[in-house]
Amino acid sequence: MSDSAEETKKHIKTYWTIGAALMVLTLVTVAISYVEFAVPLTITVALIIAATKGSLVMTYFMHLIGERKGIHATLLLTAFFFLVLMFLPLLSHTDRIGEYMTLPNANTATADVQHEVDGH
Amino acid sequence: MEIPYTVSERPDTGLNNVKLGIWLFLASEVMLFGGLFSSYVLLRLGAVDWPLGSDILNVPIGAFNTVVLISSSITMVMCYAALKMNDFPKYKLYMGLTIGLALTFLAVKTYEYVEKFSHGDLPSQSTYLAIYFTLTGLHGIHILGGVVVNGYFLGPGTAMWKTQPERFINRIEAAGLYWHFVDLVWIFLFPVLYLL
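Line order of the protein sequences matches chains E and S.
Letter by letter, the first sequence follows residues 5 to 124 of the working numbering.
Letter by letter, the second sequence follows residues 523 to 718 of the working numbering.
Derived from the structure by calculation, the hints contain no laboratory data.
Since the model is a prediction, treat every value here as computed from it, not as a measurement.
Note that the Cβ used here is the ideal one computed from N, Cα and C, for glycine as well.
A few of these clues could be false.
[As the list claims (entries may be wrong)] Looking from chain E toward chain S, a few residues come up when the C-beta cut is under 8 Å (computed):
1. H15
2. V34
3. F86
4. L89
5. T98
[Unchecked claim] Restricting the straight-line Cα-Cα distance to at most 27 Å, the calculated cross-link-like pairs of lysine-lysine (BS3-like) are:
6. E/K13 x E/K73
7. S/K631 x E/K17
8. E/K73 x E/K14
9. S/K614 x S/K684
10. S/K631 x E/K14
11. E/K13 x S/K684
12. E/K13 x S/K638
13. S/K684 x E/K73
14. E/K13 x S/K631
15. E/K73 x E/K17
16. E/K14 x S/K638
17. S/K614 x S/K631
18. S/K638 x S/K684
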């Protein structure tokens, strides 16, 4: 960023405003944690507030608002791989390798065979 | 050897090397912390029972440290603004404040650790404590690294301001980007570990 002194003065006001907003959002996060919500709702609200705070820091303190395309492209790629990392744990929930599985048809077949053995 | 494009922009990237370098470094840092956040999700989803952070950790202390770190982010961005305004004494004041706030954060974190250790709450006690100490420990090391870099820019590093002011401003911007990233990580760590 190559700003004039006048533009920098405007930015300083913005920095203080964003700083104040971050403080307020921190207090809101703590206050909400004392309210009895269901766990999934608490997690969602807390993460939404954290994401809002994070985007304020990135946009204004890290100057992403006036940044070049090259930086935005790098960050987009980073965000994509970050999301991949976050969804990796889901694989452990859908992964059934090594688990004992009971198929309904297989049970029926076994019962029929057993019946035949017992009956005849 | 002179490092090229520390102030001027490279014709192919349209960026100076300082900025591109620090953003690539931060991208790698996102993946480092992302891997650990992913581990946290995996451990939490796989656990039969997961404790509430506020039952184990001191929320007011964690909130205080969040305020301290956000304040340090404000003073850090003011360092950059002061240099842009050609106000070097103000830069030194804000940089001193940033370092002071970072040391306050570390002192509070040390107090929290000592408190936990004295009660026998060690990483080996539970999966929750293991991931808590791993995440906050790694974050604490990043704070320490930031203090060292910012300390250099408050002391011997200031010599560059007299000879190459533009290059010095770029260095402070890069140090600031790192510092805001460290703040950003804590913004997510605090609710995840202390409140949920």
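Evaluated hints:
1. Hint on E/H15 holds. Least Cβ distance to chain S is approximately 6 Å, under the 8 Å limit.
2. Taking 8 Å as the C-beta cut-off, the interface hint given for E/V34 holds, the closest approach to chain S being about 5 Å.
3. For the restraint placing E/F86 at the interface with chain S, the shortest Cβ-Cβ distance is roughly 5 Å, inside the 8 Å limit, so the hint holds.
4. Because the closest C-beta pair between E/L89 and chain S is about 4 Å apart, less than 8 Å, the hint holds.
5. Because the beta carbon of E/T98 sits about 12 Å from the nearest beta carbon in chain S, more than 8 Å, this interface hint is broken.
6. With a C-alpha separation of about 25 Å, the suggested pairing of E/K13 with E/K73 holds against the 27 Å cut-off.
7. Between the alpha carbons of S/K631 and E/K17 the distance comes to roughly 31 Å, so the proposed pair goes past 27 Å and is violated.
8. Only pairs whose Cα atoms come within 27 Å are accepted, and E/K73 paired with E/K14 is accepted, the gap being roughly 24 Å.
9. Only pairs whose Cα atoms come within 27 Å are accepted, and S/K614 paired with S/K684 is accepted, the gap being roughly 14 Å.
10. For a cut-off of 27 Å, the pair hint linking S/K631 to E/K14 is broken: about 35 Å separates their Cα positions.
11. About 23 Å separates the Cα atoms of E/K13 and S/K684, which keeps this hinted pair within 27 Å; it holds.
12. Proposed proximity of E/K13 and S/K638 is contradicted: the alpha carbons are some 45 Å apart, above 27 Å.
13. Pair hint S/K684 plus E/K73 does not hold up; C-alpha atoms about 32 Å apart against a cutoff of 27 Å.
14. Restraint check for E/K13 and S/K631: the C-alpha separation of about 35 Å exceeds 27 Å, so the hint is violated.
15. This hinted pair checks out: E/K73 and E/K17 have alpha carbons roughly 26 Å apart, not beyond 27 Å.
16. Distance check on the hinted pair: E/K14 and S/K638 sit about 45 Å apart at the alpha-carbon level, beyond 27 Å; violated.
17. Only pairs whose Cα atoms come within 27 Å are accepted, and S/K614 paired with S/K631 is accepted, the gap being roughly 26 Å.
18. Proximity of S/K638 to S/K684 is assessed by CA-CA distance (about 47 Å); at most 27 Å being required, the pair is judged violated.
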